[in-house]
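> The sequence shown lines up with residues 0 to 434 when you count with numbering that gives the first Met the number 0.
In short, the hints are calculated from the structure, not lab data. Do not rely on the hints blindly, as some may be mistaken.
Unchecked claim - With a cut-off of at most 20 Å between alpha-carbon atoms, the simulated SDA-like pairs for lysine to any residue come out as follows:
1. Lys2 with Asn16
2. Lys231 with Ile41
3. Lys191 with Ile21
4. Lys231 with Gly221
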Amino acid sequence: MLKRFETYFEFTRLGTNWRTEILAGVTTFLTMAYIVLVNPAILADAGVPLPAATAATCISAAFGSILMGVVARYPIALAPGMGLNAYFTYTVCIKMHVPWQTALGAVFLSGCIFLALTACGIRQMILRAIPYQLYAAVASGIGLFIAFIGFQHAGLVVSDANTLVGMGNIRNPTAYLSLFGLILMVALEVRKVRGSILIGVLSITGIAWALGLVHWTPAAGGFGSLAGTAFKLNIMGAVNKGLLEIIFVFFFVDLFDNLGTLVAVTKRAGLIAPDHSIPRLNRILFADATATVFGSLTGTSTVTSYVESTAGVAAGGRSGVTAIVTGLLFLGAIGAAPFIGIVPSAATAPALILVGSLMLTAITEISWNDPLVAVPAFLTLVLIPFTFSIANGLGFGIIAWAVLHLAAGKFRRQDWLLYVLAALFLVRFIYLGTS
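Could you build the full structure based on these sequences and the hints that come with them?
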């Protein structure tokens with residue numbers, strides 16, 4: 000049976016094994032386990048029952064990750080997306096006074112649109128329409144993005160009223176433990192130690208507990224609490240209220256965040272084909288679209304691919320087993336939700352910083368001596384971390400690519416979809432600027 004699984008997941012071709020895949024899955028889970036605490040807290044502000052939101056977060060992440068691993072066979076983990084959950088709560092539910100049940104109906108409809116576009120091949124066309132050099136910029140930009148998140152979690156980068164960001168207090172225990180963790184992980188990585196990131200995370204966790212630096216609050220949860228949100232979505236309410244713009248935002252942001260994450264993870268894992276295509280793309284897109292529909296039925300906002308999956312890839316994960324292990328751990332987290340917070344940010348922050356630095360290797364694929372390529376790539380690269388959004392960075396890059404090629408008289412009819420995407424992004428940015 001094990002041999003059959005190894006054949007199905009192509010262990011030999013990918014040069015991986017069970018130990019590596021399991022360690023990679025655990026690593027991915029540890030770097031994104033914060034979502035079990037953060038997502039329910041955000042959704043609770045919209046009136047969603049906290050215990051039910053916790054259970055929905057866990058089960059939707061488990062379902063999405065396992066589905067991705069089994070069907071698409073990629074080491075990509077899924078969970079309710081950050082940013083989209085904030086839009087769900089603070090814009091749709093609080094600012095626009097939409098009940099959370101109706102907002103879930105909008106999420107459900109956006110997921111159905113995902114599935115329809117995937118079945119029609121339109122999402123695949125969109126992916127192929129974007130120049131591969133922009134995807135190299137996306138991968139590098141996401142590297143900066145997750146490294147920035149890591150520096151924030153470590154307390155090394157803090158907000159500043161005058162300069163937006165500034166240097167944190169290096170004497171803060173979280174800061175110096177994070178730096179020590181980064182040194183430890185790099186040292187293990189240089190020595191080619193398997194599971195270097197996971198070893199670093201567990202080591203720093205142990206030290207933090209020994210020093211009494213871990214303070215966590217038990218989270219509510221459990222399978223039984225899911226009854227508070229399961230199938231409580233109001234689909235007809237979303238249609239009747241004319242929430243087309245909300246459905247569009249859920250769809251649009253998740254589409255390009257997802258494509259960006261997908262390219263970044265597959266690029267880091269070396270799974271992109273020589274012609275810059277992604278094998279089994281239909282299955283990947285089917286998995287994330289289905290996960291969004293499932294998440295809305297259980298009671299959470301849009302489920303999407305997580306950039307933290309790159310941590311598992313950096314730990315050696317190459318097959319769907321990595322995602323399956325992550326999903327199983329999320330499934331276990333439903334009953335063990337009170338213990339999710341035992342891994343401090345000082346332990347996961349250095350993992351994000353290290354992975355972010357490793358992802359910058361894609362930057363060498365960009366033709367920096369060609370302004371028609373360099374300027375759009377640069378805008379994509381820097382605006383992902385600067386705007387805290389993969390979709391925003393990619394949007395500016397696509398618009399710049401289209402405008403510069405038009406100005407240079409290098410318009411090609413076969414690139415028509417790229418110009419359509421540029422126009423849609425422009426409309427979206429103008430809309431956001433007036434909302």
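> Give a verdict on every hint.
Against the structure, the hints:
1. Restraint check: the Cα-Cα separation between Lys2 and Asn16 comes to about 11 Å, which is no more than 20 Å; the hinted pair holds.
2. With a C-alpha separation of about 18 Å, the suggested pairing of Lys231 with Ile41 holds against the 20 Å cut-off.
3. Using a Cα cut-off of 20 Å, the hinted pair Lys191 and Ile21 holds, with the two alpha carbons roughly 17 Å apart.
4. Restraint check: the Cα-Cα separation between Lys231 and Gly221 comes to about 18 Å, which is no more than 20 Å; the hinted pair holds.
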